[in-house]
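Visitor: Generate coordinates for the entire structure from the input sequences, incorporating the hints supplied.
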Amino acid sequence: MIKAENLIKSFGSHKVLNNVSLEINKGEVIAVIGPSGSGKSTLLRCFNGLEEIDSGRIIIEGETYAHREPGEKDTVSPLSKRIMQKKIGMVFQHFNLFPHKTVLENIIEAPVTVNKMKKKDAIIIADILLEKVGLADKKNAFPSKISGGQKQRVAIARALGMNPDIMLFDEPTSALDPELTGEVQKVMTALAREKMTMLVVTHEMRFAAELADRIIFMDEGIIIADDLPEKIFQNPEHPRIRAFIEKVGQ
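Sequential numbering of the sequence shown, starting at 9, is according to our numbering.
Read the hints as simulated data drawn from the structure, not as lab findings.
Owing to the predicted nature of the structure, the values given are computational and were not obtained by experimental measurement.
The C-beta atom is built at its ideal place from N, Cα and C for all residues, glycine as well.
One should not assume that every hint holds.
Stated by the list, open to error - With a Cα cut of at most 30 angstroms, we get these calculated DSSO-like pairs of lysine-lysine: (1) Lys239 <-> Lys23; (2) Lys126 <-> Lys153; (3) Lys89 <-> Lys128; (4) Lys81 <-> Lys128; (5) Lys124 <-> Lys147.
What the hints assert, rightly or not - Derived DEER-like restraints, expressed as beta-carbon distance ranges: (6) Leu87 <-> Asp234: 24 to 34 angstroms; (7) Ala144 <-> His211: 29 to 39 angstroms; (8) Thr72 <-> Lys34: 31 to 41 angstroms; (9) Glu77 <-> Gly20: 19 to 29 angstroms; (10) His246 <-> Lys127: 16 to 26 angstroms; (11) Asn14 <-> His211: 22 to 32 angstroms; (12) Gln242 <-> Ile132: 39 to 49 angstroms; (13) Ser88 <-> Asn26: 19 to 29 angstroms; (14) Ala149 <-> Gly20: 38 to 48 angstroms; (15) Ser88 <-> Ile230: 35 to 45 angstroms.
Guide: So, in structure tokens, the structure goes:
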């Protein structure tokens, strides 16, 4: 579903992604963990087009999504990028809901304006998605009137409203109180059981161990390990991973 080859991304003199390569197969759930500043969120933002790579190649479902040689322009046209971006849903740490729109209006906005879907059809899909995330009774509420956990579930429903093939989650529970984290994790677990392809940046180690098929550990812009959860959490070979696991615990 996603293949990254030798990704380089710098902000000024700081190299945030340093020759990153990985593959994500259809139906896999991949958790990306590691210390703050290791490049995890930047990797996701390169996949959904919020950041441009400096060099390397990103392939989405067999089609080149981004390709740059050092110092050169991206060879993929903006139109091709926009078409492929519709295959990717993104859920952010801070929800990013439109505060002046109701829960329902937030979900139908992109299908209607971007995909030119008829409003009545978008509403039918939104109702189904709100039922899925357990918020059917909040469809007419504004974001200011619902909890953080409910906002994040709306954000998940909004991303699903575009019918993506791949879902990216950037620390989806880190802005939530502990008692609200579980309701978001429950929705994500249900998506995983439905074999939605997911790439999840998270600081919740126990959740990563339970949810993911594979764990990617990043540090200083490099993928140090890409392995099974039990290998990463129970028997890590790399001393940097051992130190991290001991510090954050599970």
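Visitor: Now tell me if each hint is right for this structure.
Guide: Now the hints, each set against the structure:
Annotation: proposed proximity of Lys239 to Lys23 holds, straight-line Cα distance about 28 angstroms (limit 30 angstroms). Straight-line distance between C-alpha atoms of Lys126 and Lys153 comes to about 28 angstroms, which keeps the hinted pair within the 30 angstroms bound. Pair hint Lys89 plus Lys128 holds up; C-alpha atoms about 28 angstroms apart against a cutoff of 30 angstroms. With a C-alpha separation of about 41 angstroms, the suggested pairing of Lys81 with Lys128 is violated against the 30 angstroms cut-off.
Taken as a hint, the Lys124 and Lys147 pair is honoured in the structure, with Cα atoms around 21 angstroms apart against an allowance of 30 angstroms. Range check, Leu87 to Asp234: about 33 angstroms between beta-carbon atoms, so the 24 to 34 angstroms window is met. Evaluation of the 29 to 39 angstroms hint for Ala144 and His211 yields a pass: the beta carbon distance comes to about 30 angstroms. A beta carbon spacing of about 18 angstroms between Thr72 and Lys34 contradicts the range 31 to 41 angstroms that was offered as a hint.
Distance hint check for Glu77 and Gly20: the Cβ-Cβ separation is about 21 angstroms, which falls inside the suggested range of 19 to 29 angstroms. Between His246 and Lys127 the beta carbon distance is about 52 angstroms. The supplied range of 16 to 26 angstroms is therefore violated. A hinted range of 22 to 32 angstroms for the beta carbons of Asn14 and His211 is consistent with their spacing of about 27 angstroms. Distance hint for Gln242 and Ile132: a CB-CB separation of about 46 angstroms, consistent with the stated range 39 to 49 angstroms.
A C-beta distance of roughly 27 angstroms is found between Ser88 and Asn26, which places it inside the suggested range of 19 to 29 angstroms. Look at Ala149 against Gly20: about 42 angstroms separates their beta carbons, and that is inside 38 to 48 angstroms. Separated by about 29 angstroms at the C-beta atoms, Ser88 and Ile230 break the suggested range of 35 to 45 angstroms.
Checked against the numbered hints given earlier, this structure breaks hints 4, 8, 10 and 15; the rest are met.
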